[in-house]
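Novice: As a plain string of letters, each chain reads:
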Amino acid sequence: RSRLQHPPTEPGGTDKKNRRKMAFTFAAFCYMLALLLTAALIFFAIWHIIAFDELKTDYKNPIDQCNTLNPLVLPEYLIHFFFCVMFLCAAEWLTLFLNLPLLAYHVWRYVSRPVMSCPGLYDPTTIMNADILAYCQKEGWCKLAFYLLSFFYYLYGYTHFSTFCVILKNVQYLANISLAFKFFPFLSLNNKLVYFIFFG
Amino acid sequence: MGWVERGLRHGLHICIRISFCTFHFSNPLMASKHCGDTSSSSTGSASPVPNNYDSLEGGSYPDSMPPSNNMTNQAPPIGCYSYHNMQSAYQHGPVPHSDASPSHNVHSQPGYQQYSQPFPNLSQLSAALGGLSGVPELEVDALRPVNLLQERNLLPSRPLEAPEPNLSPDLKKVNCSPQTFRCTLTSIPQTQTLLNKARLPLGLLLHPFRDLQQLPVITSNTIVRCRSCRTYINPFVTFLDQRRWKCNLCYRVNDVPDEFMYNPVTRSYGEPHKRPEVQNSTVEFIASSDYMLRPPQPAVYLFALEVSHNAVEAGYLKYFCESLLENLDKLPGDARTRVGFLTFDSTVHFYNLQEGLSQPQMLVVSDIDDVFIPSHDSLMVNLKESKELVKELLTSLPTMFSQSRETHSALGPALQAAFKLMSPTGGRVTVFQTQLPTLGAGKLQSREDPNQRSSTKGVQHLGPATDFYKKLALDCSGQQIGVDLFLLSSQYADLASLACISKYSAGSLFYYPSFHYIHNPAQLEKFQRDLDRYLTRKIGFEAVMRIRCTKGLSIHAFHGNFFVRSTDLLSLANVNPDSAFAVQMSIEDSLADSSLACFQAALLYTSSKGKRRIRVHTLCLPVVSQLSDVYAGADVQAITCLLANMAIDRSISSTLSDARDALVNAVVDFVSAYKSSVSNLQQSGVVVPAAMRLFPLYILALLKQKALRTGTSTRLDERICAMCEFKTQPLPQLMRMVHPDLYRLDNITDQGALHLNDTVVPQPHLLHLSAERLSRDGAFLMDCGNVFYLWISKCCNEMFVRDVLGCPNYASIPPNMNHIPELQNPLSERVRAFLDWLQDNRAFSSSIHIVKDDASAKATLFPHLVEDRSDVASSYQEFLQHIQQQMSK
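Protein chains in written order, with our numbering: chain A, 1 to 200; chain B, 201 to 1089.
Read the hints as simulated data drawn from the structure, not as lab findings. Please note that the accuracy of each hint is not assured.
[Unchecked claim] What follows is a list of derived Cβ distance ranges for each label pair: (1) B:Q660 to A:P75: 54 to 62 Å; (2) B:M461 to A:S117: 54 to 62 Å; (3) A:T57 to B:K446: 23 to 31 Å; (4) B:L557 to A:L72: 23 to 31 Å.
Just so it is clear, the structure is predicted and the values come from calculations on it, not from any experiment. Even glycine gets a Cβ: it sits at the ideal position worked out from N, Cα and C.
Required output: the full structure, derived from the provided sequences and hints.
Specialist: Below you can see the structure in the form of structure tokens.
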């Protein structure tokens, strides 16, 4: 079964060292990486939406716009492909399964691209067609939604796997901080901020 | 019957993917309208563009201006028209030609009777009303349900006219000519929902730079435009008072500038509504420097000629040089005009024509991987200063390469060189190519499998093999260079890839399959004629065209040769008078709050004399809320042309069979939509409104075109060329190609003839394109747009053969005769007057082929008889039955 369903280990168990090891699994690393990369993909999607909006409202020349958009297509697809492979290696089947449709879509989209000598998808001669423009805009919004949802999903997955570690660390920090307060009362002004940084 | 099976399999779902715009055209149908207009034609002659060409072709009906001396022929007393008098009118001679055509046939063809009945009464009524309110009756007629399975005689006696929008006479008078601007629906539906219900596409067909014989040109310091949407002031704006006008596109209220208060035509002050801008829907402004990004460019022409062994074999060079020598002084331009030449085989050759040289110098660049320009200022030279050198070069060129053994062709590098040469100025590049480019950048491989030419499975390789030509074309377009391609190839030359160079740089394409100067005289003749027109026709440089429309309407897609720079702006490096554009529209917001919808096309260009000009066309159409009104105003020809354009796009982006299915489904959808909209319709069968009664026929004709047919052997290049023609030809030309006009000539008479200046032009009736209309004893003329076929049957009237063809009998007619001798007898004069009249109405003159009733007719004439069944395609009746089957599913 997927690690997601694994019951979280209780803090304050007997063998701290072992649990700590378990918490830093490869899966947790994958989720952390995916989290960061998805944040990047969200920026890609926003950029994409803005670019097509600019086209629609006549601010930009389609040739320039395609020249800026085309180099971003492959990196986006590769990033997504990359963490799909990571999830495959981590045997995160559910997550992989959720990502497969998008992966398949990317493959289909790139295979059916117009004849082009440079990497990319967008052809300045057809992009102004209302159908294509609407399609690309819709694609942008759908992807943005997907990436946002998966961002929170990865966040959940990451915290899930690293809960133990986080709690452990928090306990340590709390201990340290309370220790520090004992010895250095003048820090009490800052402690809210410190606390906020770690737990906010 | 391939499509039947496919259609059955694919079913209706395919059509759902096509979003059609609806358009509405008021039914041109014939007679009633024409009659109704007769009385108003006097006002018509005072119309904004009193254009002879218009009055001939589109502005008003050809027959509608009978000079008074012809009154007996043309305008019988109104009473004669009523139905009970028809018989006597028929027997006693002078029968009004135009409207009586259906009645002519009353006796011989019973099918007509039912059809023709409404007309006499209607025409009588509208004639009596003097065009004041002929419209409701016209609409009734346009909406009359026609059961296509029963009515066989659908064609009007004269070629179909554009329907007139249902507008007030004042607006009608100033509206744009349908030759220039045509909408598929001459009554615009109020909402997208209504448009979807009608199942017809909404779109415009534009011919913005067409040759006009009269055009108001306005020079003024301020060009009055709407301050928010930048619409040019036009006849359809409203003046709230003397100082303010309301834009008809965005409804903003603008001030009238002081200068506009003065009318230079009448030299009066305070009458802004009498200014020419407000009196004419087609005007041209001389633009100020606000409309320039740089000083207007001179006319610059570069000719790139292929001189490989293959090109020398084809032998075009000599004829090109002759033609250019002859037309050198007629090239559009002024004292600044510049020309240049380059030739290429496996290397690129430039010609130094600098003034002062004793003879042209040839500079060879053999590094085709990185072409450079050997000399920067002496290759493009001022025509006036270097005319002698240019002439010398043109005289010596044909012989220079006669010994060439070089078989390769480096078209890509030559185009790159041309781009570099022209970049500083912009202008026109004319490329002559005779084979597949085999060297350097942009080289291509043969992709055609001759065994697949007649496959019914679908056609591969309709798209380009490389984006080299497209990218180069975009670069050219950016530098205001238009590239025109003449392809004179006997082998496959991958036109699908090569055509991109013209398509995206707003150029034009000419294709001469199997060109050879000895073996194919017909192509040679066509080449020479096209060249004459091409070299001397008007040209506009560094042009852009913007299409604006009333708030609520938006542009969906464009068709034609151009680069789309933004949602409503086309970038046209060159603009020529022979290319047309199509625009698909959609309705974004309801148009309920206005009764009129307007479209404005503004073409900003630099004339060959270096003047920046703006040509503005404005079209005004009524907005309707009833489905029946939408149908009443449907323009079947425009709909067919727009659907053809959409089908071409579909066949390239998807597959050919998908496009064909979509076309069939367009008919099925329309017929079903009409059926469900008319609740009291009891008839079974294929019932359509009279305005659209030719729709299934035209779609069937489209499916049998070279561009879209399957099963019949079609070379890939010819198919691609036909597709390109669909996208760029103006509507009348396209319609003649799709559905040729067939006339019987051996019994041609002056009855109902058109009187133009001094000549009498007979007007024979149109015949259905079916072999059953051809008789064994007649001579028939088929007008296919770019070619005429004169079919002489075996038992043809000897007098016709003798008088018109100058041959003693049928047997002595030579096999490849392609001219009509000028003989002095009435029959010959009539035939020639008619042919000349047909020729006058088109830009490129068409060649005429005399076809005898033998095997050659099978290859040339019979494929155009679209109503008949062929080996692989169904007949019109079968097609209708297929439609019926599809509907009942």
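Novice: Holds or violated: 54 to 62 Å for the Cβ distance of Q660 (chain B) and P75 (chain A)?
Specialist: 32 Å, violated
Novice: Holds or violated: the 23 to 31 Å window for the beta-carbon distance between T57 (chain A) and K446 (chain B)?
Specialist: 25 Å, holds
Novice: Mind checking the hinted window 23 to 31 Å against the Cβ distance between L557 (chain B) and L72 (chain A)?
Specialist: 53 Å Cβ-Cβ, so the 23 to 31 Å window is violated.
Novice: For the pair M461 (chain B) and S117 (chain A), does the Cβ-Cβ distance stay inside 54 to 62 Å?
Specialist: 58 Å, holds
Consistency note: the structure conflicts with the earlier hints numbered 1, 4.
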